[in-house]
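Chains F and U supply the protein sequences, listed in that same order. Every number in my numbering is 228 more than the matching position in the first sequence, counting from 1. Every number in my numbering is 5 more than the matching position in the second sequence, counting from 1.
If you're looking for bench data, these hints aren't it; they were derived computationally from the structure. Treat each hint with caution, since some may be false.
Straight-line distance between alpha carbons at most 35 angstroms, and here's what the computed DSBU-like set of lysine-lysine pairs gives [said to hold, decoys possible]:
#1 Lys315(U) x Lys240(F)
#2 Lys353(U) x Lys240(F)
#3 Lys189(U) x Lys388(F)
#4 Lys388(F) x Lys315(U)
#5 Lys290(F) x Lys328(U)
#6 Lys302(U) x Lys333(U)
#7 Lys369(U) x Lys353(U)
#8 Lys369(U) x Lys294(F)
#9 Lys72(U) x Lys240(F)
#10 Lys294(F) x Lys353(U)
#11 Lys387(F) x Lys111(U)
#12 Lys398(F) x Lys138(U)
#13 Lys240(F) x Lys369(U)
#14 Lys315(U) x Lys369(U)
#15 Lys111(U) x Lys294(F)
#16 Lys138(U) x Lys388(F)
#17 Lys387(F) x Lys302(U)
#18 Lys387(F) x Lys333(U)
Facing chain F, from chain U, some residues (calculated, C-beta under 7 angstroms) [said to hold, decoys possible]:
#19 Ile126
#20 Arg128
#21 Pro129
#22 Gly130
#23 His148
#24 Ala182
#25 Val183
#26 Pro186
#27 Tyr188
#28 Lys189
#29 Thr192
#30 Pro310
#31 Ala311
In this text the structure is predicted, and so the values were computed from the model without any measurement. Built from N, CA and C at the ideal position, the CB exists for glycine as well.
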Amino acid sequence: MLQVISLVLENKPGALMRVTGLLSQRGYNIESLTVARTLDPELSRMTIAVDVDAVQRQQVIKQMNKLINVLQASDLTEAPSVVRELVLVRIRTPQEARTAVLKEAEIFGARVVDSSTEGFVIETTGDPEKLGEFIDVMGSYGEIDVTRSGALAIALEAKKLRLQPPVPTKELITESRP
Amino acid sequence: MSTLTSGARMLLECLAREGVDCIFGYPGGVTLPFYDVLYEHQIRHVLVRHEENAAFAAEGYARATGKVGVCCATSGPGATNLTTGLVNALMDSIPIVAITGQVTSKLIGSDAFQEADTFGITRPGTKHNYLVKRLEDLAQTIHEAFYVAASGRPGPVLVDITKDVLQAQGHYQPVTAVHLPGYKVFTEGHTGQIRRAAQLIQEAHRPLVYAGGGVVAANASRELRETVELADTPAVVTLMGLGALPAEHPNFISMPGMHGSYAANLALTNCDVLIALGVRFDDRVTGRLAAFAPHAKVVHVDIDPAEIGKNRAPDVPIVGDLKRVLPKLNRLLADLQNAEVKTPDTEKRSAARRAWWRQVREWKLEHPLQVVTSDSEIKPQHLMGEIDRISGGQAIVTSDVGQHQMWAAQLIRFSEPRLWINSGGLGSMGFGIPSAIGAQFARPDKLVFAVVGDGGFQMSIPELSTIVNQGLPIKIVIMNNGYLGMVRQWQTLFFNNRLSSVEIEGFPDAEKLAAAYGFKGRTIDKPWELRPALEEAVREPGPYLLNVKVTQMENVYPMVPAGAAINEMVLGPPEPVAVPVK
């Protein structure tokens, strides 16, 4: 079952590697991963789709929280949220099928971003399930090549980012002699 | 300081402010600027003979004191040699800071001389790690590293510093605070949960405390004792926690698990309330998880929220520092007891408790862990019994990994924590001697035994030089059975006695080896030689190498075979099925 996790992490070198490394280390299969800066340039938001069973889901979130660069880890699998994905499909169609393909694209609300004698490149966004249907339909009209962006998710309820306050360092014990 | 100072000097200043008094390490090209300011500084640098041992020594130091151990290596092979030590510290939650040099920032990624991706290689092997490429980040990073290493669930932190940062000049500004917005340390424990735990414990018919390394890390030994006494429950203490409860305490059963005692494993299997304190339900303790404490409601207190529910879903989870949680729990337990009125239910419970104690005592008598002796050869158990006797619960004992480690854990008693130092989670051979070096530095007042096998000993021979060099009076006791004992045991029991590559041939003459390094060594193989030899070793003002030849094919019992439940122990060697006809 796919678990959708949304992480807010510090935009520090190696932060991405820590997240993916941890998931791989613990044996969780990553289905897709997207990451980009948030409004605050110091922070990134990462959306990960992980293939784990229900029992392991809580563990995954806890392990993510252990990472020092991770400020917040939310499980959006069952929380009220919007999940979207972008797909680009390049399709080679015979002359006769061209109009039919355009009609299908229109039905799905997809846009043609390139057109040539060989075929089209069509772009669409939507929830991952609908995109899967779109790809199947396109596939029935000709040879296709597909690039998916991976799921992006946003929770419907804002969750306040709880940041830990600075911790004072110990008092100086002795001045070190040179 | 308003004058210009180098990165190397700033690094040293930060270490001094963190209270560091010794660093175990090995210099190299890129760390030269640091070693230059370290020269004749009050912070002592201990030169080891292999970087892996620098990390192990830092761990021995940390285990013995609770302070953060520090090790230092150069770039490339120096840093990669630290890896085993780092993973070891991660598995056993030991606070150490490893400082490594890195090639000049401009050269990173160019496959320069002695360049390695230390940051990438050690990322999964540390609690956290850093690469410092700018002077202005240095001081902040060092203080952050120490804070992360020592707080919450302790662990190893590596700071990789480029050579140009060490050489750069700048103005040192003392760091007043550490900024880690994403690092939350849980200390207090949820009051409601603690109350539920107290209630559950109070009403239990067959309670059992299961305590481990977390109690030692929290320095909560006294609080644990109060809990055990207030709740009047028997207790098992894991390999990593030995000494957290004094071995002589009437409630202490023994170590549980794969080589734990019969009584400990049956108590775990039959208890109705399991009070898990600073433990992680490790597979060596639990055996087959589905059959572990099957009738028990579990109270689990740990500072790491990810451990709670990882292997066993608790009935009462409490995330917090044992040092803060146990006093609250103890107060509630005392209140509940004082407020209690006699009812038929409480009478039934008291009777059940008495029956539980009787049962536990019976189990202890049925198959006790005992010292076995022989007239003609030295039994490994006899060796551990004699070390126990001469230690009197007071000595620091470090151990390597294998059969000797299990017998030492079973038969050597510790009256307080931080006396027993071994590699539990990772089980790294070669740990015994370097960790003794760290421990002896930490506790110069203490008698330190390094108990090792003939396999592990040969992984750390180079450090004999360090021991002599530093004048450390460590007593090295080799339990020599001529084999990689634990591996041999598994081959005997599970691989039809096909002893593939486990015979250790060509073991050096101990007396000559020690003499080559300039100290005393001796080999014994008769049981009547054991006590006088140990006494001679302890009397010797300097280090001592005692090579004890023991029974070759002895197996550690009890043993829970892999995949079995802990109440499915093999208690002794199989009896012959046929008796020869006379």
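Q: Any hints from earlier that this structure breaks? Give me their numbers in increasing order, please.
A: 2, 8, 10, 11, 13, 19, 22 and 29
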